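Enquirer: Letter by letter, the chains look like this.
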Amino acid sequence: MSTALWPNCLQRLEQVLSDQQLNTWIRPLQVREEHQHITLFAPNRFVLDWVKKNFQQQISGILSEISAQEDIQLSLEIGSQELPANPAPAVVAASSNGFNFSSSTPRPPTTPIEHNLNPGFTFDSFVEGKSNQLARAASMQVAENPGKAYNPLFLYGGVGLGKTHLMHALGNTMLQTRPDARVVYLHSERFVGHMIKSLQHNAIDAFKQHYRSLDALLIDDIQFFAGKERSQEEFFHTFNALLEGGRQIVLTCDRYPKEVEGLEERLRSRFGWGLPVCIEPPELETRVAILQKKAGEASVEFPNEVAFFIAKRIRSNIRELEGAMRRVMATANFTGKPITLEFAKEALRDLIALQDRTITIDNIQKTVAEYYKIRSSDLLSSRRSRSITRPRQMAMALSKELTNHSLPEIGEAFGGRDHTTVLHGCRKIAELRDSDSRIHEDYKNMMRILSN
Amino acid sequence: MQSSVFRQLPLSFTPREVFSFDSYVAGENHLAVAMVRQLAAGTGEKQLYLWSSQRGRGKSHLLQAACHLAAEHGAVVCYLPAAAIIAQAADCLDGLEQLDLLCLDDVQWFAGHADWEVALFNLINRVRASDCCLLLSANQVPENLTVQLADLRSRLVWGPVFQLQALSDADKRAALQTRAQLRGLELPGNVAEYLLRHYPRDLFALFERLDALDTAAMAMQRKLTIPFVKTVFSQSL
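Protein chains in written order, with our numbering: chain A, 1 to 452; chain B, 1001 to 1237.
If you're looking for bench data, these hints aren't it; they were derived computationally from the structure. Each hint should be verified, as a subset may be incorrect.
[Stated by the list, open to error] Subject to a maximum C-alpha distance of 27 Å in a straight line, what follows is the list of computed DSSO-like cross-link-like pairs (lysine-lysine):
| # | chain 1 | residue 1 | chain 2 | residue 2 |
| --- | --- | --- | --- | --- |
| 1 | A | Lys-337 | A | Lys-373 |
| 2 | A | Lys-366 | A | Lys-294 |
| 3 | A | Lys-130 | A | Lys-428 |
| 4 | A | Lys-293 | B | Lys-1046 |
| 5 | A | Lys-294 | A | Lys-312 |
| 6 | B | Lys-1046 | A | Lys-345 |
| 7 | B | Lys-1230 | A | Lys-337 |
| 8 | A | Lys-294 | B | Lys-1046 |
| 9 | A | Lys-373 | A | Lys-444 |
| 10 | B | Lys-1046 | A | Lys-312 |
[Claimed, not checked] Every beta carbon over 12 Å from chain B, so not counted as near; a handful from chain A, in silico:
| # | residue |
| --- | --- |
| 11 | Gln-21 |
| 12 | Glu-229 |
| 13 | Trp-273 |
| 14 | Arg-349 |
| 15 | Asp-350 |
| 16 | Ile-388 |
| 17 | His-419 |
| 18 | Asn-445 |
Since this is a predicted model, take the numbers as computed values, not measurements. Glycine is no exception: its CB is placed at the ideal position from the N, C-alpha and C atoms.
Excised from the complex, chain A in its bound form (with noise of 0.2 Å):
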């Protein structure tokens, strides 16, 4: 642990450096003395070359000239105190990743394994909505079942839906079935530099080992292996070998398997033996009920009438809502004012304004006359031909839904028509997407474009 020499010796440095040196250079890292002997550690490759280069000279200088003594050894490594400089392979993929263990938290040496599964993470925290039960339910069958339900399941969905969610909830609940389950979470990143370590390291085979040893395999954006060559060929092993012995795998991805691009044939085949099932962005009221789940974790009172409008505001991904719940709790946090709708107003002005400004009626008639191939005079034009009339109600429709502008607005801004139009439009739409499934994929890729 330090004594006072690095503390004396930092106050002398931040007489001479910038506070902007200190912050990028200094500040980062972490110090051990033993000692004559003082280890610095540096995060990462990049800060260590660059002390060494500019500042190890400097602070030798200064420890000798504060201890009054020239055998201060001064040695720079990258790592942390806590931990081993350069710890096994396994151990740096296991550790560096998961959700609930800090990379500064020491292993266990009996620990088996590391499962990366945040506990937080489970069915009962999940909102479910029409958008995603199909996942949740696949989620929980294959959690009671591993192995056998459906292998792999493969959910697959836009950024920020929770297909990360679900994957820990099932761990999660592997676990509690069976405490002594191998089952691992991992970033699809971890997987790829887990490997590379273990290559630079002779430790392949180790790593098969690892691997081929589980339970189940849970591995999060696939989309991440695509023209990583080498690593899709280790994962396609591991892939075969744990479905041969009736391991489980799940994995997520942001598409559907056979659209992920740069991703080997025999993978993407593969991918889809299982279940793919897919998870759509949440309806209103799944976004106000997730809303409310998360306010009532944070033990904050949320009225339902702002969730509803913070709800209607943003479409796109979870994340993004938690975001904007978490700004008007704070600011209501901070001024002791109680969350009202015209609070939460304002403490959104900014962004309010940009999502109103993002999603305009001309926005939505270039999107879908370029995802019909029309032109977007067409869905303005007197034409009363199929080709024309759908992509129009369709654009009406999502004009309704996206913006905050009147029926009548709406009309006028589709070559002058009556608001009664726009209205049978929507009704229209609305009846084709429960009975037509190519109008319901149209609908729901179309506000998948625009909420993104």
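Following the hints, put chain B in place on chain A, whose structure we already have.
Expert: What follows is chain B alone, placed relative to chain A:
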């Protein structure tokens, strides 16, 4: 100029600028500042995002003040301006989740660089899983950054997002006087007012002007007066 004969050469030493909360004039940004303070003290949000499209709103100052405060509490911190590291390999961001506080300034520089976007995305994931707090700044609200990776964009809004508002003229005057005071320079109210009325009023430019005045005042052994300001800047034009 004849007068330069009598000028003293100023020492190439300017008082060390310390980016603290005390030297930051918050104006309308009280809430954002309070949130940054809490984050730095480890008692607030885990992630914040500050933005302003105008320079001189004090993003970098706040990020460094957060580092300063956290370091005073014994935290291991790092301030990284994206502009300064963009020419390096993106693995500069490796391992930074081990810190207690990481401040990444001007993250818009990463937008459009696939390797940096992935590196930042991965860093945010690792930070989320660690005890590290993350303070980000940019010149745009996350939705308007030209980030290609949707996964990254959604993570940038994980915590509250604050736009730093411009200071009122009265606050700018206060900011100028605070800065002058820290440099041991007396800036009379009428001179501050003159600077505000006659020169570009973004704080960044005003600070630059004040620094130039400081150097000139030291060289010429003069106090800050309106005629002196006129002389200095008429010469430099």
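Enquirer: Determine for every hint whether it applies to the structure shown.
Expert: Evaluation of the provided hints:
Taking the CA atoms of Lys-337(A) and Lys-373(A), the gap is about 51 Å. The hint is violated against a cut of 27 Å. Under the criterion of a C-alpha separation no larger than 27 Å, the hint pairing Lys-366(A) with Lys-294(A) is inconsistent with the structure, at around 36 Å. Among the hinted pairs, Lys-130(A) with Lys-428(A) is consistent with the structure: their alpha-carbon atoms are about 21 Å apart, no more than 27 Å. A hinted pair counts as satisfied when its Cα atoms are at most 27 Å apart, and Lys-293(A) with Lys-1046(B) qualifies at roughly 19 Å.
A C-alpha spacing of about 17 Å is found between Lys-294(A) and Lys-312(A), which places the hinted pair at or below 27 Å, so the restraint holds. Proximity of Lys-1046(B) to Lys-345(A) is assessed by CA-CA distance (about 24 Å); at most 27 Å being required, the pair is judged to hold. Among the hinted pairs, Lys-1230(B) with Lys-337(A) is inconsistent with the structure: their alpha-carbon atoms are about 48 Å apart, more than 27 Å. Taken as a hint, the Lys-294(A) and Lys-1046(B) pair is honoured in the structure, with Cα atoms around 16 Å apart against an allowance of 27 Å.
Between Lys-373(A) and Lys-444(A) the alpha-carbon distance is near 17 Å, which keeps this suggested pair within the 27 Å criterion. Annotation: proposed proximity of Lys-1046(B) to Lys-312(A) holds, straight-line Cα distance about 26 Å (limit 27 Å). At roughly 10 Å from the closest C-beta of chain B, the C-beta of Gln-21(A) falls inside 12 Å, breaking its exclusion from the interface. The beta carbon of Glu-229(A) sits about 17 Å from the closest Cβ of chain B, which is more than 12 Å, so the claim that it is off the interface holds.
Under the 12 Å C-beta cut-off, the non-interface status given to Trp-273(A) relative to chain B holds; the minimum distance is some 25 Å. Residue-level check failed: Arg-349(A) sits 9 Å from the nearest beta carbon of chain B, not beyond 12 Å. The Cβ of Asp-350(A) does not lie farther than 12 Å from every Cβ of chain B; its closest approach is about 5 Å, which violates its non-interface assignment. With a least CB separation of 31 Å from chain B, Ile-388(A) remains clear of the 12 Å interface cut-off, as annotated.
The non-interface label for His-419(A) is consistent with chain B: the shortest C-beta to C-beta separation is roughly 31 Å, beyond 12 Å. Annotated as non-interface, Asn-445(A) keeps its C-beta farther than 12 Å from every C-beta of chain B; the closest such distance is 15 Å.
Of the numbered hints listed earlier, those contradicted by the structure are 1, 2, 7, 11, 14, 15.
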